[in-house]
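With this note's numbering applied, the sequence shown covers 7 to 81.
Please keep in mind that the hints were generated in silico from the structure rather than gathered at the bench.
Misleading hints may appear alongside valid ones.
Stated by the list, open to error - Distance condition first, Cα-Cα at most 16 angstroms in a straight line; then the derived EDC-like pairs of lysine to aspartate or glutamate:
1) Lys64 x Glu22
2) Lys32 x Glu22
3) Lys32 x Asp11
What the hints assert, rightly or not - Label-pair distances were calculated between CB atoms; the ranges are:
4) Trp71 x Gln44: 17 to 27 angstroms
5) Gly55 x Pro27: 26 to 36 angstroms
6) Asn43 x Gln17: 19 to 29 angstroms
7) Ala10 x Gln56: 26 to 36 angstroms
8) Glu60 x Cys34: 16 to 26 angstroms
9) Ala10 x Ala57: 11 to 21 angstroms
Please read these numbers as outputs of a predicted model, since none were measured by experiment.
We put the CB at the ideal spot given by N, CA and C, even for glycine.
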Amino acid sequence: MFNADLVSAEQVSSYEALADPSLKGKLCLRNRRSVYNQSLVAFMLDEQGQAATEDWIKGMVNNLWGNRSSAATRR
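Construct the complete structure from the given sequences, taking the supplied hints into account.
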């Protein structure tokens with residue numbers, strides 16, 4: 007799901023795209039403890055490996071909208 011007033015479908019065409027710097031301040035995520043997020047990270051680890059997954063997570067955290075100390079980020 008995305009807000010078409012802020013981004014285009016092409017900008018968010020993959021999970022990897024969520025780490026793109028063009029989305030800075032435009033990303034909202036579920037709580038990091040969510041089974042959905044944990045499953046997605048496990049999938050990315052299997053598909054992309056640890057280093058790429060860590061970079062992807064860092065990119066998404068950098069793109070978060072609002073309070074960086076939310077439950078969606080590492081404390």
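Right, here's what the structure says about each hint:
no.	hint	in the structure
1	Lys64 x Glu22	11 angstroms, holds
2	Lys32 x Glu22	15 angstroms, holds
3	Lys32 x Asp11	11 angstroms, holds
4	Trp71 x Gln44: 17 to 27 angstroms	21 angstroms, holds
5	Gly55 x Pro27: 26 to 36 angstroms	21 angstroms, violated
6	Asn43 x Gln17: 19 to 29 angstroms	20 angstroms, holds
7	Ala10 x Gln56: 26 to 36 angstroms	34 angstroms, holds
8	Glu60 x Cys34: 16 to 26 angstroms	21 angstroms, holds
9	Ala10 x Ala57: 11 to 21 angstroms	33 angstroms, violated
Violated hints for the displayed structure, listed by number in ascending order: 5 and 9.
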